[in-house]
Structures are given as structure tokens and as C-alpha cells.
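**Student:** Fit chains B and C to the supplied structure of chain A, relying on the hints for placement.
Chains A, B and C, in that order, are what the protein sequence lines are.
So the first sequence is numbered by the numbering used here: it starts at 1 and just counts up by one.
So the second sequence is numbered by the numbering used here: it starts at 1001 and just counts up by one.
So the third sequence is numbered by the numbering used here: it starts at 2001 and just counts up by one.
What the hints contain is simulated information worked out from the structure, not anything from laboratory work.
Listed below are the simulated DSS-like cross-link pairs for lysine-lysine, each with C-alpha atoms no more than 30 Å apart in a straight line:
| no. | chain 1 | residue 1 | chain 2 | residue 2 |
| --- | --- | --- | --- | --- |
| 1 | B | K1020 | C | K2052 |
| 2 | B | K1154 | C | K2585 |
| 3 | B | K1266 | C | K2264 |
| 4 | A | K90 | C | K2867 |
So these bits of chain C aren't anywhere near chain A, every CB distance computed over 10 Å:
| no. | residue |
| --- | --- |
| 5 | L2018 |
| 6 | S2154 |
| 7 | V2676 |
For glycine and all other residues, C-beta sits at the position ideal for the given N, C-alpha and C.
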Amino acid sequence: MIINHPYLGPRDAAEFVYLGDASLLERPDWQSEDAASEFHDYLHLRDNVAGEMRELWFHEQGDRSWLVVTRNTITHEVIKVEMARDVAQKISNGAAA
Amino acid sequence: MRYSALEVLKQGLTGNKTWKPAWRDPEPKQDYDVIIIGGGGHGLATAYYLSKKHGIRNVAVLEKGWIGGGNVGRNTTIVRSNYMLPGNEPFYELSMKLWEGLEQDFNYNAMVSQRGIINLFHNDAQRDAYVRRGNSMIMAGADAEFLDEDAIRKELPFLDYDNARFPIRGGLAQRRGGSVRHDAVAWGYARGADENGVDIIQNCEVTGFDIKDGVCHGVETTRGKIGGKKIAVCVAGSSGHVMAKAGMRLPIESHVLQAFVSEGLKPIIPGVITFGAGHFYVSQSDKGGLVFGGDIDGYNSYAQRGNLPTVEDVCEGGMAVMPMIGKARLLRSWGGIMDMSMDGSPFIDKTHISGLYFNGGWCYGGFKATPASGYCYAHLLANNAPHPVAKDYRLDRFISGKMIDEKGMGAQPNLH
Amino acid sequence: MKQEFRIAESKVEKEPILHFSFNGKTYAGHKGDTLASALLANGVKMVGRSFKYHRPRGIFSCGSEEPNALVTLKTGQDVEPNTRATVIELYDGLEAHSQNHMGSLKYDLLAFNDILSPFLSAGFYYKTFMWPAAFWEKLYEPIIRRAAGLGALSGKEDPETYDKGFLHCDLLVIGSGSSGLMSALTAGRAGASVILADEDFLLGGRLHMEQMEIDGSSSSAWADKAIAELSSMPNVRIMPRTTIYGSYDHGIFGALERKTDHLKSSDGKPRQVLWRVYSKRSVLAAGATERSIAFGNNDRPGIMMAGAVRAYANRFGVGTGKDIAVFTNNDDGWHTARDLAAKGVNVKAIIDSRSHVNITAPEGVQTHLGTNVINTKGRHALSSITLSNGETLDVDCLAVSGGWSSNVHLTCHQRGKPQWNEQIASFVPGGELPVGMSVAGAANGSMTLASALQTGRDTTIEVLKDLGIKAIKKALPKVEDEASETSVFFHVESGKNRAWIDLQNDVTAKDVKQSHLEGYRSVEHLKRYTTLGMATDQGKTSNMLGLAVMADASGKTIPQTGTTMFRPPYTPVPIGALAGRSRGKEFRPTRKTPSHKWAKANGAEFVEAGNWLRAQWYTKPGESHWRESTDREALATRKSVGICDVTTLGKIDVQGKDAAEFLNKVYANAFGKLGVGKVRYGLMLREDGIVMDDGTAARMSDTHFVVTTTTANAVNVYRHMEFCRQCLWPQMDVSLISTTEQWAQFAVAGPNARKLLQKIVDKEHDISNDAFPFMACGEISVCGGTPARLFRISFSGELAYEIAVPTRYGNSMMSILIKAGEKFDAVPYGTEALGVMRIEKGHAAGNELCGTTTAQDLGLGRMVSKKKDSIGNTLSEREYLTRKDGLNLVGFKPVDESKSLQAGAHFITKESEPTMANDEGWMTSVCYSPNLGYSIGLGFINNGSNRIGETVTAADPLRGNTLDVEIVSAHFIDPEGERLRA
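With the rest of the complex left out, here is chain A (with noise of 0.2 Å):
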């Protein structure tokens, strides 16, 4: 597979590390009065979508910058790849706001 870094363009794949699902990024409030079950489901419980899923690649063999990729899980075909870091700004912002 190929990914089209934002700043580096188009690297094989074998130069990154997979994670998961990037709604990993949305990580639960500790204090909050479910944190339990929060945590529990934010860790473990998966869409696991067959179709387009957005999840996190790490460029480990590269410029080490987490990304967003929207990767379809049936065709591999990679639609969108985004910046992990700034995909999270705008969920830390939209979460003060």
C-alpha cells in the first residue's frame, strides 16, 4: 500500500507503524462520573467498519508524525490522510468550545 503523507507525499506503507481506529484520539474525561465505562468502551470496543475507516499510521521510518488515514477496509483504496496532530486540535477545540 502506498500513503500520501500531507508533507512528505506518497510512501509504501512498510515505512509506518498501524495502530487502530482513530477514535482513539477522542479519549474520555477521567474525572467523569462514567470514566469506568468510558474507558472500558474508548479502549476496547470497535466499529471494526468493513468500508471506510479512519485510522491512526504512525511514520516510523519516516518523520515519526502520527496520521489520519481514511482507508477502505475492503479495497485498501486510501481517500483521505490528514495530520493526527491536527485532527486532534480540532477535537480539543471543539471540545472547549
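**Tutor:** Chains B and C only, in chain A's frame:
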């Protein structure tokens, strides 16, 4: 029709013209006591033991394609019970014992071949972990044997001992481990279940569940609605996909595991060998092909195919541990979809929906578990209580914290 | 050595003569021959035995689809089994042997199986060999295994080397026949970067195997001209002997280039190169493969594919027989007769299953329309055929054509699903093709020369347009196109005679029918039950036949019955090539510590730690056992001072305004208030609350920390911290970089550690106990201005420091430290002594931090701060992880101190049975403590902290070392920690 040498002889003399179909091709009935979703090894084994052990015969196995077409038809055929943790080892040892009597039990030669499995270790820490594991095995009633470097050299002279990046220091052997002809397992169970009255319905895809007020009453399929008192999902690889139809999210991801077979060769590898410092394991089939594999590709996938880096990684491991296979050629590669769970261990459990049961999360170890999985799932369905050796395979174990994590990798499926 | 069957002019070069041997007999051939063509030229008919029935078999095809002619090349360690004679390029001195027979090829003892064949029909082995149960492994299976398999490996290391490479192009053209050449010409002329790959050594595909005209010259000459033009283009890379074996995601292809297989010796050069080709677009121009017809005894040597017979005549100048008949269901078979007649080979008859044809036979050739071949004779080679009209013809070669199947293989490697085209009676590419792939020519069902040329050009013009490259449209070469009609006919009812479908795996039409009878009706069941198409040729010439017979049996059409799918590789790829250079010592990179050279010169034995090599111990003259060295090192360190290279521990530089807050969230224990110049032990959890790693964090300034990790987890911890930084807390002002390789670090431990260091640390840095107490850190300089970092931390439990210098000084630093320590009898110590001292001190390491351990298990439960958010805090509180009687890490000693403890032993209460129900924990690490004089260990046992003093049994049934042990504190030495602070 009972299979025997005599029958083969008789049929051979009369032109092999009166063999009977191994299973019927029935139309689905309106209602069943148990509907098993998934005509793979585990589903068929469940039907077999339900009908044989528990006398529950009004059973349907629904298969979206052809039976045995999932992971039981695409694996590296290894059987073993060399696990470490108390949540696992007794279960796999039950499986091993069931393998040992399987063929006579269901009158089908699945070529259960206990040629042994040897896991190689390369340093003291690996040795200590294998000793711990070997002791677990013996304490659970399985067999295990510790081999030092000299013993390994004697037994497997063709490994790379003198120029190895990670020298071989010894191994843990399970002599009762080995391989089984994978397709035959599905067919044997199917034929046995069919003889007991189970309806095996191929080309019948489940498209939805009939759930009202927290109770599951049946399924919708491409061949119409079918009612059932108990609905038993058994579709490892597609678990996430199917259980989503019941509104459930699972501690499972779907990943692709590739496996490989070489051209046929005269016998050269006696049993199963796993290479602890690389990602490689191998055995040789009765037909002569080297059957080998390694790690999963590592990314979520429902495509039954993988990519080159993994192919090359596996072959690198092969050449590192046994450089004699350089001129053996990789003939065929294939990819199977694995239910990778959050701790690397499976589930055989009820769900929060009454009447809906779940069996899945087998990672890449489902084949060897086939008999015990069917046996314990049938037990759960018949008694509504888990079989003692499968009692820890619960869906809520991540809530309690009682994980069964053999590799110690935590909640990251692609590392198990 | 007369080549009796060599006929007219051809692509082989007459001079010089090449000599080769087959089964020990020497023959002559030419450059440009394959082993198969040379054998045929010499009249060798029988070249092998079939897999199951050991029937005599001859050369069947002229390409990589060959099912029969598998031979073993070379001998001894160089042996290469299962090689297709039809693709082996002849060289002088080539040595080949037939395989899969017991005794000689001619008198194979296993041919007995053929007589038993009625009892060896499809799936017979599933129905028998079950009694008695124990006989399977002991008797039946060994016999089956010995009889099965094809060729044999040497059992010795493959002496060849293999390389890997990467290529990029705009357009990959797969196949160099008419459409492939047209495609490459079109793209090359337009200036695109093109790779043209073909598995053959002679580029041009069937253009050399036919007698056709293009632009007024022979098709073969046209091909040569096209290749010459392409060779002159700098933007075109031409790769003969290169098989594109697999299509992978996003336009990536696997390719195998055979570099030296056509030479007698590879002379130390890589034998083959495995390329990964990254293409923007690809044109599959892989042509088509002829398939057979199943009829009675259709497997004898001399029965061949008609297209192959023609190819041997046209390309290789070889007549495959003296009297040849053609059996066909299509017009193409007639072309074989025509070409053979033109070359002066005697064609006796054309037998066509069709009743009406629109084609004429060459003069003097009898034709039998609406007629089939129903049986053949000839024990080791074909001698006669029997027709359905009752006639018998004496022939030594039968050319069979069941029509041509498009080579769709690469189109199905991803999601493609071939579709049936009734008109040409072939599956053609269908479904979703691999990204960027177009198909041209016969591979796409364009079965005539004119259409192949045209689709080759037009497809490529479309592709170029897509790439934004302007094509130069040139007129197509002129050819006289001839319509070629075919029919759907694959199987002659053959009564009692067996009609082979899969020649290599010995699958007959009867087997397919029996498979249907027994309910194995889906194509996949058929394949698996009969082994049809599972041989080394992957059923390239046979799958269609099997499908057709199954369709007949079930009363369905071929497309209703199923389709034939293909998985990579297209043809088998050597495992050696797939591994490339990653074998032996080069299997994985070797990381050496900065003091490696010094260590080597000073008697070190090395041990692998991940990819690192670390000094395990240093052998002094007179020491003969590792324990002697290790004991000496540990004792000397505790007595005076020892030095150990600890560079392999991961080092991560953490900088930024929020560095402290970041670490506070990454570590389970509090970090916010750590003062500058101080070090703190850090416990890192995974989000699931299990211990991930431990290490230290040293605050070098307000905004700068140096974090250490264990050697094993250096990479994971860094990745995890980057995840935290980028994905969880992007708003934090913090940066990370791994500096493991930038700093050489040494532990200096022992009561004289300070005194030693004082000799090299520059005077302006006060490292006295008051100025630089336990857990202090600072930037210093040594040896007159060399920058260094000093940390007062201890893994051994002694007064100890870790000193870091830039890596380039690492090796000299080691000798400087040893020299500075001469007065104190300083010793270098390795990982064994390091391990001894950490066990004596009760520190957890890899064996304890095994990924299932909680802080509570380690006795560090109170470190997990409940007052802040950090990774893993929440889930570490789960019920099972905080249970009262859970595992605790404690120490163990043997009740009988003369005995040795064993890691991996399980704890059970005394006198109980070693069963899983009684299992209470396990021993994680053990060593002989030279300081205490007996064996000690660490381990986890249920409720261990409250069981100090209890005796339990450490059961090691695996090695028969069961032993009574006493539970003791894990801190065997200096439990109060006075030495640390000295």
C-alpha cells in the same frame, strides 16, 4: 453411508458410481431450536456436538457461501495445545484430546497427524518464558518436552546453527502437536451433523436479526426469515460486521493473515517448527508442500489478501532459520480475515440480548480450537452455562480486568 | 549427437553447439533452446512421472503453464527441484534429472499405483486409513509422505545469493507479445517512463511462434524491430526473464528477474532479483494460454498442446513428431497443421469435434469433422490414437487444442472476478481490476493479431491521456487478420478409459463427476476435494476442463458453475528470492554499543538484546566458565567499583514549556514538582492499566527532561509518547526526540564509584555526596571539557552513577573509566552481572514486566497517583486488577541452599499436586548470588507480600527440578538502601 476401506474397495470395483452426497442440500425450515450462523469449522462442529452430545437435532447451520470456505479452509493446519495461561491451556488441551479421537468419532479421515511441534528459543528470557509455558502445559494435563541446543541439533540438523543472527539455544516441544487436513475437518463435521439431522444451508446469508424487547427470535436471510429459539453466531473474521446487525460493538478488529504453500517436495521437515526470533513457522503437508506463515499484515482489512512486505518478512524468517529452503518455491499465497481480539483470546459467551450467543475472536488460532470451540459452544447453548474450560472466554472480561493475554501486548489487536 | 527432430531455420542459433545431460545421458542443443525444445529435438519423449499414479509423462506445453515436464537441475547443494523444462534456457553443461520416481524413470516402482487407481479416486483417503487409529502416523502417513512430493531439496543451505530492488514507472507493460509491444511503443514514443517485462528470455511472445506477416515481414522480424526501437529509448526499461508474479495494492507489483539462471554458474553474482515495481498505470498484455481437451488416455508422452507443437516448429525449429495428428475444437488447431506442413513435417490428420468448419486443411492432410479422439495407445510414448469413427491412426504426436483462455491471473489478485465470454469460450477480465490496470490483447479476449495490436495501442493512448501525457498516434502495422472460430467443447465421453483433466495431480473426468456425486459441487469444494488445479501449474491448462465437466454433471452452464480465480504468485517464486539478503547474520541489523570495540578487545562474550549486541561477561585469563566471570564481576562491583555500557537503554529528550506536565500525564506517578537537577523513577502504564515500562526522568532544566526506557521497550515507548503528544494532547508545548544513539552511557557502580568519577570529571563540577546526592543529575564536562551528563541513579543498589558522553567518545570513555579505576581494581561488567545485582536488589526487569503485570503486582501500587489524569490510571482500578489476593512480586530462596532455583517453575503449596488448579504463580528470574552464596530468585505468587517466610514448592515438571523454596523479601541486599545514598 459408512466410510471404510471395504467401501472404498467395493466402490472402486464398481466404478465409484454409488457414493452418496456427504451432506444434503435442504431448503430452510421455518423454525429451528438452534440456528448457527456460519458454516465454518466452528459452526459445523457446534452443530455436530449439539446433535450428538446434547440430542438437539432441530438445528440449522446457515452459510453465506459454501461450507468450510472461511478460515477452516485457509489456514496452516496446525494443531497444538501449548498455551501458558490458565484461561487458555485447559481449553486447548480439551481440543487436542478431541482431535485425537475425532476421525473414528465422525468416520472421516481428517489426517490428524501428531508429528510434533517445536518452538525454538534464542535467549535466556525466551527460555524462561517457554519453561513457564511448558510447566503450565504439563500442569493442565498436556505434554511438553524441553530440548536443549544439542537435542535440537540432533533432531533438526538443517537449521542454521553456526551463522545465525539469533543463535538457536533450544526449544519447547509438544509431541502431540501436529497438523490436520483442514478442509476435511469442515467436511467431516458437516457430514456427521447432517447424518444427525442438522440442516446445512449453503448460499444463505444472514442480513439481520429479529430482536424484540431484548430477545432474539430469529434471523432474516437472503432465503427468507428463519425463526430460532437460540441464535448462535459463529462467524470469526466477520464477527464485527455481523454483530453490528444486532447493534453490538465488539472488542474485536478484523485483520488479514497471509499464509503460504510451496511446491511439493520430498519429505524434509518432520513436524511443525516455529522460529521465535523471526516471524515464521512451517510444516510440510502430506502432499509435500511446505506450509508456512508468520505475522498478520497489521492493518484492519476485510480483503482476503495481503501485501508484499509481509510476504517478504515471512520468507526472511524462513531463510534465516532454515537456509536450505532457498530454492523451494512459494506456490500459492492467500489471506484470511481474522477476528483479532483485544487480548488475543477468544469469546464463547451469551450476549446481553436474550437468545443471542456469540463465538468469535479466535485471532489466528481458531483452527486448532475447532473441536473444543464447537464442543464448548454446544455446551453453552444446551445448558445456558459455560463449559468449565471455556468459562473465562467472556465478553465482559475487559470490564472486570480479567484479560487472557498470552503475549502481554494489551488492548492492541494487531500485536497479538 | 544428431538432433533427429531438428527441422528448419528458427530463432535458435546453430553455432556453437551446447551440450547438456538429462538423466546422465548427454545431448546437443543450441543457444535459444529451452531444455524442453532441446530434449524434443533429440527425440526424448518421456521426461517425468505424474504425481499420484506415476504415469509416464512428456513435454506438454512450451511455457510456464507446463504441468508435466518438471525436472531437477544441478546436483548436490546446488540442486533445484521442480523446474519446468519448458522455461529453462539451455546452457552448455546443463545437468537435469527427472524426478518423482522410485527406480529409473522408465521402470518406476510406484507405477503400481496406476493399477490401484480405481481405489485411489477423488477423496479416497478421507474414507479410509482410519483403523486402527494409531496406524495413521506410524504406517499409512509415512508411506504416503514418501510417495508424495515432487523433487527433493538438498537439505543444505542454498548457496546462491538473491537481491532486491525497487522500480518506479509511469507505465508497466506486462508481456511483450503483439499487444505488449504495441503498448510499450505507444507509451515509449510519447516519452512516458515505461517498464516492459516478460517472463521469457526472448521478447516478442507468440510473434516468434507463428508464421504471420506484419508490415510485409514475418511477425518475428517485426518483434525484433520493435524491441530494437524500444531499446533505443532511454525512457524504456526492457526486462526479459522477468515475471510479474503478483499485483498488490495501489499499483505495486512483485517482479522476479532471473539474472544468472541461464548461465552455468552465477559466479558470486545474485542469481535472481526480486523487484517491487511502483507503477502509476499498468497494461496487462499477458496473452492467452491454450487448454486441453479431456479424452481417453490423453496423458501419454507425445500428446501436447497444439500451440506448443507449432511454437516448437516455428521458434525452435523442432518437429515434435514424425507423424502428427491434430485434435481440435477450434480453427487455431488447423493453424498448427498448416505451419507444420509448411515446415515439411508430416501431418496425418486433423480431427475436429465440430461438424462444420470454415477453414481448409493443408494439402494431403486428412480431416475428420464431427469426430473425436476417444483413446490412445503407447506405453512410454504415444503410438496410436483411436477416433470416434472407429479409425485408428498411428501417430507419435497428437497436437490438442481446446481453445485459448485469456491470462486473467493478475486481474484477480485483488478484487477482479473474471466473466465468461461465450464467443471465444473463455473467461475474460471482469469485476474490479487492480488500481491503474488496463488489459489489452488476448488477455482481454482480443484473440487475433490485428485486434491485439490495436487494443495494445488504443488502451495505451487512453492510459497516457489519463496520465496527462500526449500520445503520438501512429498508424497500426498492417496485418492480414484472420477470423478464428472456436467452440465450447472440453470433454469426450471416454467410457472406461480415464480422461485426464489435471495432468500433474492426476485428476480425471471421473474424479470430477464423483466429486459432484458426493456433493462437493461448488468450484472451491471441487478444487479441494479432487486437488484439481492445486499443482505447481495452478491448473493453467486444466481448470477450464474441470469446470466444464462439473457444469455437465450438474446440468448448468460454465459461468453458472463458477469461475476460476487466481492468487499470487503467477508462477512460483523461490523463497530465497523473497528473502533476499535478509538471512544469516544479515537477517536483522546488528546494533553495537559504543564500547563494542573495547569490549571485544577485552574478552567480552556478546549476547543479543533485541537487535543489540551487549557484553554478557568479560572472560579473564584462567576463567573457564561464565559463572566464574560473572561472579567475579558482581563481587568486584559491590566491593569496589564496576563499569557497564548501558547505552542500549532508550533515551528520549523531552523539551518544551509543558514538558513537566506532559511527563506527569505519561507516567503514573507524579512529575510536576520534580526539581531541576533531580531524577525520578517513572512508572509508565498502558492505557489498560498494565505496566508498560519503567525508567527514569531527569530534569535538566525547567523545560528539558531526559527520559530513559528499558532496552526492549525503547521503540514502543517513544512511539507511545509521540502518540500522547500528537494525538491526545496536541495543545501542549512539548517536543520529543530519541537520543538513544546520540549518547553513550555507562553505569559506574560500587562504593568507589564517586572516587573513580572524581578523577575524570572536570574540577568545576562538584559531585560530592552533598552537592550531588542520590537522584541528582546535571550537565557536566569530563577530561578537560568533553560535554557529559551525569545521573546518580542505581540499578545495582550500590552507590552508582550513569555517565553519558556523545557517542563518538563512547569507546574511549570506556577505556578512560577503566584506566581511572585501576587503583580501585575497577572491572567492566556485562549483562549477566548486571542481572545478578538487580535480582539481589529486587528490581523488576523484562521477565517481570511481561505485559500482564500491574503496579500492584510489583508492589508499586501506591505510586499510581489518583490525583491526576495519566495514561492507564482509570483502567488500573478495575476489579480484577486490584483484587486483594492477587499476585505479588517477592523473593525466593531454596530451603536447601545448595540447590539452584529455576526460572519458569510454578509455585504450588507444599505437598500439593502440580496441577493448574493448584497453580499459584511462577518464578520469573533467578541467579546465583555470589554475595549471599546461594541461589536466589524473584517471582509472582498469590498474596505473596503476606506470605514472607512461608515455604512453597517450585514445581518444574518440564525439567524435573521440583524444589521447596522459601518466600522472602525481594530485596536481598541492602534493603534499607543505605549504599545508594553513601
